[in-house]
Structure formats: structure tokens, C-alpha cells
Amino acid sequence: MPIKIPDSLPANEILKAENIFVMTESRAVHQDIRPLHVLILNLMPKKIETETQLLRKLSNTPLQIEVDLLRIDDHVSKNTPKAHIDTFYQDFEHVKDKYYDGFIITGAPLGKVPFEQVSYWDTLVKIINWSRDHVTSTMFLCWAVQAALNVFYDIPKMTLPEKLSGVYLHNTSKIHEPLIRGFDDIFWAPHSRYAAFDIDVIKERTDLTILASSPEVGVYLAVSPDSKQVYVTGHSEYDAETLNNEYIRDVKAGLNPKIPVNYFTNDDPNTTPHSTWQSHGFLLFSNWLNYYVYQNTPYNQVLNK
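Residue numbers (the working numbering): 1 to 305.
Simulated from the structure, these hints should not be mistaken for laboratory data.
Hints are supplied without guarantee of correctness; some may be wrong.
Unchecked claim - Label-pair distances were calculated between CB atoms; the ranges are:
| hint | residue 1 | residue 2 | range |
| --- | --- | --- | --- |
| 1 | Ser119 | Arg249 | 18 to 24 angstroms |
| 2 | Ala83 | Lys203 | 33 to 39 angstroms |
| 3 | Pro6 | Asn60 | 19 to 25 angstroms |
Where a beta carbon is used, it is the ideal one built from N, C-alpha and C, also for glycine.
Build out the structure end to end from the sequences listed, making use of the hints.
So this is what it looks like as C-alpha cells:
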């Protein structure tokens, strides 16, 4: 089944070229079925790139998905045309009275910024709390995990001494949990963050079930007892080139970054990187949509109540 997006969204043509079944709004009006309503709060600078990555991952199920894009403020982006944001994104005031089946909050390049210094922190706290009663299941990615742990469990911001960047091996646990159904015992996933997610802290200070982790990255995947919150500390949505682009950006900025681990052939940044995590990424998002969103959401739930 297709993923439903606005006719003129840039991701439309990109996904069609990859033979991903995309249904435009004009065609969807003739479909007499109940699509899943998914909201995406996109905090990443390159919004079009992140939209496309997430829509690609959401497309790999037999479910029809209808996506709304949310912005947190009217800040002018240096990396995304204002016309794009004004056309495709909604403010929180326009969605706060709606109910969604699924919600994704992306990461943000705020790894070293204290929460109280984030310009939109108060609004984000409001949105995270809103998700408890207005969303069947919310997926937090990377920095958003850190934010949600602070809001829900009062865990302070924990920062690594240097950036964690590369593709890492993880071990699964609780193998009968639906979210990791079909996962290998050991799998690869990319990370790009300063945030620390200590296994002992998560075990001692939350009621979350840890589903995947590693000694190098700490907790990678965790879920609340009612499956209403899913925490993914890495970037399984990333394309093969994303870590490379971030590395080049940091080099040009004079940050002297370390070469992302387990990414370039022979750790040579002049080589072309290849993805080793796409199958895991597709499975993670499809399991979330199927078991935590579709199986749990009321069929008669509508956006407005």
C-alpha cells in the first residue's frame, strides 16, 4: 500500500524514481479506506533530506500512511527554502486538538546545548507531553530521545566527551518483543551524536525495556511498558551518504572530526561509503507501524475529536 503525501512535496519524485508506491493527495481522495495518520516533527536542518529518508522508511508496509509535517517555530532555516516550510509544514497550534496514530520526533544538532538554552525547549516539552494523550505511539530519534527522557523521567542531559560517529554493532535482547521481530542477534546501525545513553541509568531511572544496545553506544533501542513511546538513539533512517556529508561539513567547519568508524573502506574517507543498515532500518519502522501503531490504534479514531 502507498504512503500519501502532498502532490508537490519534493520527496514525491525521489521516491517514485525508487519504485516506492507513493499516492498523491489528489488520487487518495478516491480511496475509501482508513489510512494511518502519522505526524512528523522535523527538527533537522536539512528538512527535505530528512523528510525523504523518513518517508522512504515508512513506505515499506502494506499500510496506507497519511503524513503531516510539523514545525516547532517560525525560525528561518539556512538549509531549507522558506517557501517549502510554509507550504508543507504546520504549526503546533493547528494540530494540538487533533489525534494521531503515530508520531515521529527527529533528532536535532543540539548535542552540546543545554536544554534551557534551546530556543524552542518550552514548546517541545509541551508537544512531548501532548503526545501522551493524542498519539497511539511516538518514536523519538537521537536528540529527541534525550529530550523525552528528561521530560518523562527527569534524566539530566548526559554528554559524551567526543562525538559518537559511525556504524556500530548492536545486540538484541527480549527477542520476542514485536518491535524487534525479525532482527538478527547482532545488527548494524549508524550513530551521529554527542548524547550519552548509559545502560545502567536507563535501567535504574526508568521503566523502559531495553531492546538493543552495545558497549560502545549504550542503549540503542528502548520501549515504554505500554509501547506508547519508542526510543531510537541512532539514525536507522540515514542514507548511505549521510554520515559522509556530515563528516565533510565538520571538516570544512574546522572541527577536526574523527573519521566515522566502520563506515569507509579501510577508514579512507576518499572511498565511497556503502550502507550496511538499510534492512534493519526498514524492519524497525515497519514493525513500529504494524505492531505499535496499526495494531493498537482505534479503527474509528479520527484526526479531530
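Results of checking the hints against the structure:
no. : hint                                  : verdict
1   : Ser119 <-> Arg249: 18 to 24 angstroms : holds, 22 angstroms
2   : Ala83 <-> Lys203: 33 to 39 angstroms  : violated, 47 angstroms
3   : Pro6 <-> Asn60: 19 to 25 angstroms    : holds, 20 angstroms
In terms of the numbered hints stated before, the structure departs from hint 2 and from no other.
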